[in-house]
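Novice: Residue-level listing of the chains:
Number of protein chains: 2
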Amino acid sequence: MPRQFTKISLHEVDERVRLLAEKVYASALKEEETKNALSMFTVPEDCPIGLHQAKEWELHMNQSVIFAPDWAMSVISPLLTPSTPIGPLPIDIPEFQRVTISGDYCAGITVEDYEQAAKALLTALFIREKYSRLAYHRFPRTTLPLCFISMATESCPVPSEGADPYSMEDLPQNLNYSLRMKEGIIYVYDNEDALKRDQPRSLPYPDLETFAIDMSHVLAMIADGPTKTYCHRRLNFLMSKFQLHEMLNEMAELKELKCVPHRDFYNVRKVDTHIHAAACMNQKHLLKFIQDTYKTEADRVVLEKNGKKLTLKQVFDNLKMDPYDLTVDSLDVHAGRQTFHRFDKFNSKYNPVGASELREIYLKSDNYINGEYFARLIKEVAHELEESKYQHAEPRLSIYGRATEEWENLSKWFIKQKLHSPNMRWIIQVPRIYDIFRSKKIVPNFAKMLENIFLPLFQATVNPQKHKEMHVFLKHVTGFDSVDDESKHSDHMFSYKSPKPEEWTTEQNPPYTYYLFHMYANIMVLNNLRKECGLNTFQFRPHCGEAGSITHLVSAFLTADNISHGLNLKKSPVLQYLYYLTQVPIAMSPLSNNSLFLEYSKNPLREFLQKGLCVSLSTDDPLQFHYTKEALMEEYAIAAQLWKLSTCDVCEIARNSVLQSGLSHQEKKHFLGENYLQDGQEGNDIRRTNVAQIRMAYRHETLCNELSFLVDAVKSEALAEQAL
Amino acid sequence: MPRQFTKISLHEVDERVRLLAEKVYASALKEEETKNALSMFTVPEDCPIGLHQAKEWELHMNQSVIFAPDWAMSVISPLLTPSTPIGPLPIDIPEFQRVTISGDYCAGITVEDYEQAAKALLTALFIREKYSRLAYHRFPRTTLPLCFISMATESCPVPSEGADPYSMEDLPQNLNYSLRMKEGIIYVYDNEDALKRDQPRSLPYPDLETFAIDMSHVLAMIADGPTKTYCHRRLNFLMSKFQLHEMLNEMAELKELKCVPHRDFYNVRKVDTHIHAAACMNQKHLLKFIQDTYKTEADRVVLEKNGKKLTLKQVFDNLKMDPYDLTVDSLDVHAGRQTFHRFDKFNSKYNPVGASELREIYLKSDNYINGEYFARLIKEVAHELEESKYQHAEPRLSIYGRATEEWENLSKWFIKQKLHSPNMRWIIQVPRIYDIFRSKKIVPNFAKMLENIFLPLFQATVNPQKHKEMHVFLKHVTGFDSVDDESKHSDHMFSYKSPKPEEWTTEQNPPYTYYLFHMYANIMVLNNLRKECGLNTFQFRPHCGEAGSITHLVSAFLTADNISHGLNLKKSPVLQYLYYLTQVPIAMSPLSNNSLFLEYSKNPLREFLQKGLCVSLSTDDPLQFHYTKEALMEEYAIAAQLWKLSTCDVCEIARNSVLQSGLSHQEKKHFLGENYLQDGQEGNDIRRTNVAQIRMAYRHETLCNELSFLVDAVKSEALAEQAL
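Going down the list, the sequences are from chains A and B.
For the first sequence, counting from 1, position 38 maps to 38 in my numbering; every step adds exactly one.
For the second sequence, counting from 1, position 349 maps to 349 in my numbering; every step adds exactly one.
Be a bit skeptical, because a hint or two may be false.
Distance condition first, Cα-Cα at most 30 angstroms in a straight line; then the derived DSS-like pairs of lysine-lysine [stated by the list, open to error]: (1) B/Lys389 <-> A/Lys389; (2) B/Lys313 <-> A/Lys258; (3) B/Lys629 <-> A/Lys288; (4) B/Lys629 <-> A/Lys668; (5) A/Lys644 <-> B/Lys570; (6) A/Lys255 <-> B/Lys570; (7) B/Lys345 <-> A/Lys644; (8) A/Lys255 <-> B/Lys320; (9) A/Lys255 <-> B/Lys305; (10) B/Lys288 <-> A/Lys668; (11) B/Lys255 <-> A/Lys295; (12) A/Lys488 <-> A/Lys500; (13) A/Lys644 <-> B/Lys305; (14) A/Lys284 <-> B/Lys309; (15) A/Lys288 <-> B/Lys305; (16) A/Lys602 <-> B/Lys241; (17) B/Lys241 <-> A/Lys288; (18) A/Lys389 <-> B/Lys668; (19) B/Lys320 <-> A/Lys284; (20) B/Lys669 <-> A/Lys284; (21) B/Lys389 <-> A/Lys379; (22) B/Lys288 <-> A/Lys389; (23) A/Lys255 <-> B/Lys345; (24) A/Lys389 <-> B/Lys629; (25) A/Lys345 <-> B/Lys389; (26) A/Lys309 <-> B/Lys258; (27) A/Lys288 <-> B/Lys345; (28) B/Lys284 <-> A/Lys345; (29) A/Lys629 <-> B/Lys241; (30) A/Lys284 <-> B/Lys668; (31) A/Lys571 <-> B/Lys345; (32) B/Lys241 <-> A/Lys345; (33) A/Lys313 <-> B/Lys255; (34) A/Lys255 <-> B/Lys241; (35) B/Lys313 <-> A/Lys629; (36) A/Lys284 <-> B/Lys241; (37) B/Lys644 <-> A/Lys288.
Please keep in mind that the hints were generated in silico from the structure rather than gathered at the bench.
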């Protein structure tokens with residue numbers, strides 16, 4: 001079966017969808033401009049949602065248009081079998097007290113609204129499933145049992161123990177493929193001839209129009225009254241149900257954990273799922289490192305500035321500073337009260353002592369000393385992780401898209417400095433700063449930036465012989481991140497009418513969704529190509545929902561394997577419920593948020609966890625936020641203390657972090673249990689995860705229960721139609 | 001000048017004071033019984049205080065009775081000189097923006113109320129000063145400039161570096177004094193003859209009646225309407241003033257800190273001012289220690305039970321447990337949701353795996369293995385502190401008062417196991433569990449328990465030759481603590497009518513205040529005796545205000561050098577203001593409170609700090625509460641993160657912790673600066689403390705300002721009287 005991205009053209013879809021999409025995109029723009037106004041997607045915290053809105057909807061709704069019946073029914077029909085999603089209970093779950101609700105489950109909303117909401121939600125699930133499947137992203141088998149992706153594929157076949165992680169032997173042959181960027185996406189051709197004939201290889205190439213239409217479905221849905229009401233009620237129910245579960249089964253869960261030999265919170269695996277390499281050490285660590293280098297290498301030339309070579313001593317002399325006297329206060333990299341809601345101030349915290357020279361010398365991979373200090377710092381952090389044995393991290397390294405050599409340089413640095421660590425997996429972050437490059441005339445249009453980022457990846461994939469270092473480095477890379485201040489606003493409104501990247505020549509920065517689509521599109525094509533070649537694929541894991549418009553979370557719902565932050569899910573019950581149903585992993589960093597966007601006590605992590613969203617804990621920037629030597633443990637300790645999390649809670653978070661991570665299939669089997677790909681209690685090995693089977697069963701049964709409501713709604717409508 | 005405890009007899013004082021005292025004591029009792037009722041001492045959080053109460057007071061108040069004019073005026077008169085308490089500004093404070101209020105400073109209350117409140121508060125200051133002076137406790141010189149205690153005395157002349165900390169050479173001679181307990185207090189006689197004649201040496205022997213009268217002054221005052229109003233207003237003012245100061249000077253303070261070479265939060269000295277030795281290691285540490293001993297010493301006899309000797313292996317076999325499989329979950333020493341407001345459940349957390357055998361083997365100093373494991377555990381913690389260099393701790397060891405040998409045994413254990421560490425100072429905690437001993441018929445009355453606790457101390461002081469180990473051990477002890485669940489209620493109401501300890505023969509436990517008075521009385525006499533002998537003295541540092549009646553904080557206001565917890569100061573504006581004026585140090589443990597009595601977000605630490613109370617941070621029980629290896633840093637990190645404390649804030653807390661601690665004069669000079677005994681900026685060496693001089697000046701000027709209001713009130717009244 002050829003893997004294809006099925007195109008939908010705007011003239012094929014209903015006029016109403018188009019109009020609604022336009023209205024929704026317009027309101028998204030408006031929302032960004034008048035931040036205090038209640039957006040049409042959000043629900044005040046003390047809902048019930050205004051009946052007015054729901055009624056207004058009913059008035060101009062005569063039949064379902066969002067839920068394209070034919071297409072969806074073909075997929076859903078296998079679900080319309082008598083068997084319920086809740087399978088037979090395996091024998092190894094201890095007895096526990098279950099919460100069952102009898103009677104009308106859609107109490108409070110009309111049957112029509114319920115069916116309307118259910119169809120809308122199912123449509124969204126199918127949309128995400130499509131984008132996930134094509135990109136080799138993960139999708140829970142419980143949610144769409146017939147459409148799950150083969151998860152047994154290696155996301156990163158890490159060098160086995162003993163093997164040389166930097167080996168350049170046995171490289172695959174040159175495929176002699178041709179490559180060309182078209183509308184911001186790299187197309188692959190069998191040869192020059194095919195290129196001339198414009199006959200690309202059969203790979204799923206996404207297109208902006210289809211994406212915009214798919215996205216407008218979800219956008220329309222998150223503003224839809226009945227759907228909002230339904231999701232809001234389900235989420236409240238999920239929260240209360242968990243609280244009941246906890247009261248009833250807390251001791252039983254604890255008893256399970258007490259019986260697990262040799263496994264506790266300290267020796268379950270935890271992955272720091274979101275951390276920036278340039279801030280992965282804490283402030284004291286960086287300070288000590290600077291002092292140590294000065295003590296031993298003061299006369300080393302470390303910087304070339306205006307054509308003049310400077311030794312470390314000269315650099316510090318110029319700064320009028322003796323490193324011995326340097327303190328974390330004068331280093332001034334820690335976030336403080338000054339950074340709250342000031343991302344701009346925060347970014348400058350990356351400059352030690354406010355001096356960009358020191359950032360250049362110590363925190364860059366491409367500098368006069370070939371990034372040696374930066375590499376040594378990272379390796380010291382890696383060493384601590386290895387010592388701790390049970391902690392892993394997924395640091396982000398930057399590719400900017402300024403020039404094509406970036407990849408080559410980064411790869412060479414990685415290999416030369418021997419940065420591989422069994423406790424680290426690497427993620428590439430791409431800052432959304434086209435506007436800066438354009439205004440400095442570094443790139444002529446957005447397409448060139450995309451080409452700088454992605455063309456080298458395709459080249460290294462089709463011709464590893466010519467790009468040896470990149471080929472090796474890419475084996476260690478497990479994903480891509482899109483980073484920058486989400487609260488920065490773009491004047492351009494993303495839509496199917498948005499100019500193509502080649503036409504994007506203004507100095508204006510494209511909006512978030514535009515970035516995400518083009519990163520997704522290229523990663524997706526690349527993954528399909530690499531899969532053909534037997535190479536590892538990449539996850540797309542953007543920063544999303546830290547601030548800014550709620551539409552960011554819609555874009556990521558389609559394009560991302562998992563996201564970092566997700567705070568704004570607080571604001572949209574529909575999106576929150578969708579992230580729950582599809583179990584999109586969310587790497588949350590409450591200490592980072594506390595310094596930048598949201599006070600700790602208002603952080604939704606605990607609420608998300610209770611409702612059953614797939615959340616993990618991560619540090620973001622230990623350099624700026626943490627105090628102790630063990631940043632990830634500090635993050636866990638504070639969450640556990642303040643939210644009074646149980647051992648089972650924190651172990652569940654740790655398990656989520658491993659699931660979410662780019663660790664290999666082998667490693668996940670080792671850390672979570674042989675059957676970790678199975679959902680629910682069957683996929684859990686309590687001896688490895690220290691998560692109670694009762695908890696796993698509760699989560700699984702609850703998700704199945706929620707899904708069964710959606711299926712039942714469609715079922716009953718289908719039966720009604722058959723009767724007609 | 002002979003040091004005497006001036007006795008006051010009840011028939012000497014005004015009838016009204018007596019009646020009021022009785023009323024107050026009665027209401028205290030009532031308050032404990034009906035916890036939800038608003039006590040007469042407290043102020044609802046959203047004051048202003050009901051005018052009704054204030055008016056009622058005015059009605060039956062014609063003249064000052066609480067403020068015994070003659071006695072107090074004699075002490076105050078030196079203050080009535082024209083010079084203001086605010087001295088000339090030294091030259092080394094950077095410019096900063098000061099908050100000055102002009103106009104009527106007692107706006108909102110009448111002049112009469114103001115004078116009434118001022119006199120009451122001054123009375124309280126004099127009372128605390130008396131008790132502090134006699135016990136060689138500390139009292140800030142700013143607050144009563146003429147009555148400060150010579151602080152240059154060594155509280156603990158710790159063995160200098162290189163010297164043998166356990167040396168038994170050059171012991172002082174036997175003084176041949178005689179000792180006898182009378183009314184629960186040890187009296188010292190020059191010889192047997194003097195004892196027969198009942199002529200004790202001239203030392204200040206406190207008596208219950210005087211104490212009860214002094215205490216009733218303060219009790220009456222905290223229920224006094226005008227005083228409550230005045231204090232409430234002043235505290236609100238202090239808080240707002242600090243917030244203003246912070247807004248205006250935050251950057252200037254930070255600038256100061258940035259200019260301090262080589263000193264930052266990480267290398268200022270911090271003392272963990274409140275930690276229990278039996279819980280000073282974290283759960284993971286204890287777990288690992290148990291596993292290690294099992295690995296290497298499984299066949300060692302470690303326990304004698306019912307006459308049968310058991311090896312470690314046999315102990316674990318009996319418990320049906322393999323230590324290798326033990327986890328922090330099965331160890332089950334960590335506080336969880338189950339312990340909140342359940343101190344009883346919390347106490348059982350000291351039993352690893354719920355097995356008292358393991359507590360006996362690993363966490364006791366007096367057991368079959370001579371407390372070797374317990375000592376090794378503590379030494380491992382000490383080693384970590386020494387490695388950290390800048391962290392100190394003051395662990396509590398228990399003396400119960402069951403038997404006279406306890407002291408001898410503890411001393412021998414200390415010396416044999418070589419427990420001295422330069423980073424530790426020792427405090428003796430006495431649990432308030434007379435009722436248990438009495439019901440088991442271990443002691444016949446309360447006096448016997450007191451004798452078991454204190455007589456050995458006096459004996460070792462007057463005849464070190466005969467009590468060599470104790471003499472050596474006492475050099476390392478710096479204070480006493482009184483511990484137990486404060487929320488447990490005693491049916492007996494403390495008053496001047498309370499039976500004497502010899503007469504306390506019932507199984508009922510004496511109330512908190514009764515315990516505190518008798519501990520204070522004996523420590524005070526002992527300190528005077530030891531001072532005469534040139535030996536180190538002890539601080540009284542009880543747990544106080546963690547829960548239970550507000551009267552606990554009144555008892556400690558008189559008797560304690562400093563306290564642990566102090567949460568209930570939240571509830572009484574008068575006491576809170578008094579603790580501020582007298583700068584009584586408070587060792588707070590918000591993480592402990594969070595697990596036991598008060599959610600983190602409701603903890604008053606930050607508010608206390610802003611108002612200027614002398615607060616420090618401590619861990620209480622790392623075994624039960626903390627997650628990381630660095631418990632004290634975890635405590636600081638969480639406070640700093642959640643309350644967004646500035647570097648200056650946390651360094652001020654660290655400075656407070658050193659001030660409050662039992663570290664020696666030499667050490668404090670080294671850690672805080674040569675002139676640390678001076679109040680305000682002159683006493684601060686920013687190069688050592690990293691506390692901004694601006695902050696110090698602000699604190700000092702603010703305290704002087706508050707005090708000047710009190711003095712002005714008395715002054716104006718004195719002038720008015722002269723004019724008559």
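Novice: Indicate, hint by hint, whether the structure satisfies it.
Specialist: For each hint, the structure was consulted:
1. B/Lys389 <-> A/Lys389: holds (26 angstroms)
2. B/Lys313 <-> A/Lys258: holds (21 angstroms)
3. B/Lys629 <-> A/Lys288: holds (20 angstroms)
4. B/Lys629 <-> A/Lys668: Since the Cα atoms of B/Lys629 and A/Lys668 sit roughly 27 angstroms apart, the hinted pair holds (cutoff 30 angstroms).
5. A/Lys644 <-> B/Lys570: The hint holds at about 23 angstroms.
6. A/Lys255 <-> B/Lys570: This hinted pair is violated, its Cα atoms lying about 38 angstroms apart.
7. B/Lys345 <-> A/Lys644: Distance ~16 angstroms between B/Lys345 and A/Lys644 Cα, so the pair holds.
8. A/Lys255 <-> B/Lys320: Answer holds: A/Lys255 to B/Lys320 is near 16 angstroms, not above 30 angstroms.
9. A/Lys255 <-> B/Lys305: holds (29 angstroms)
10. B/Lys288 <-> A/Lys668: Holds: B/Lys288 and A/Lys668 sit about 26 angstroms apart, inside 30 angstroms.
11. B/Lys255 <-> A/Lys295: holds (26 angstroms)
12. A/Lys488 <-> A/Lys500: holds (22 angstroms)
13. A/Lys644 <-> B/Lys305: Given pair A/Lys644, B/Lys305 is violated - Cα atoms ~38 angstroms apart, limit 30 angstroms.
14. A/Lys284 <-> B/Lys309: violated (51 angstroms)
15. A/Lys288 <-> B/Lys305: Distance ~53 angstroms between A/Lys288 and B/Lys305 Cα, so the pair is violated.
16. A/Lys602 <-> B/Lys241: holds (27 angstroms)
17. B/Lys241 <-> A/Lys288: Roughly 38 angstroms separates the two Cα atoms, so the pair is violated.
18. A/Lys389 <-> B/Lys668: Violated: A/Lys389 and B/Lys668 sit about 40 angstroms apart, past 30 angstroms.
19. B/Lys320 <-> A/Lys284: violated (45 angstroms)
20. B/Lys669 <-> A/Lys284: Distance ~26 angstroms between B/Lys669 and A/Lys284 Cα, so the pair holds.
21. B/Lys389 <-> A/Lys379: Given pair B/Lys389, A/Lys379 holds - Cα atoms ~26 angstroms apart, limit 30 angstroms.
22. B/Lys288 <-> A/Lys389: holds (15 angstroms)
23. A/Lys255 <-> B/Lys345: At roughly 17 angstroms apart (the allowed maximum being 30 angstroms), B/Lys345 and A/Lys255 satisfy the hint.
24. A/Lys389 <-> B/Lys629: holds (15 angstroms)
25. A/Lys345 <-> B/Lys389: Violated, because 34 angstroms separates the two Cα atoms, which is more than 30 angstroms.
26. A/Lys309 <-> B/Lys258: holds (29 angstroms)
27. A/Lys288 <-> B/Lys345: Distance of about 44 angstroms is beyond 30 angstroms: violated.
28. B/Lys284 <-> A/Lys345: violated (39 angstroms)
29. A/Lys629 <-> B/Lys241: violated (36 angstroms)
30. A/Lys284 <-> B/Lys668: Distance of about 25 angstroms is within 30 angstroms: holds.
31. A/Lys571 <-> B/Lys345: violated (40 angstroms)
32. B/Lys241 <-> A/Lys345: holds (27 angstroms)
33. A/Lys313 <-> B/Lys255: Within the cut-off at roughly 24 angstroms; holds.
34. A/Lys255 <-> B/Lys241: violated (52 angstroms)
35. B/Lys313 <-> A/Lys629: Given that 30 angstroms is the threshold and the Cα spacing comes to 36 angstroms, the pair is violated.
36. A/Lys284 <-> B/Lys241: violated (33 angstroms)
37. B/Lys644 <-> A/Lys288: holds (25 angstroms)
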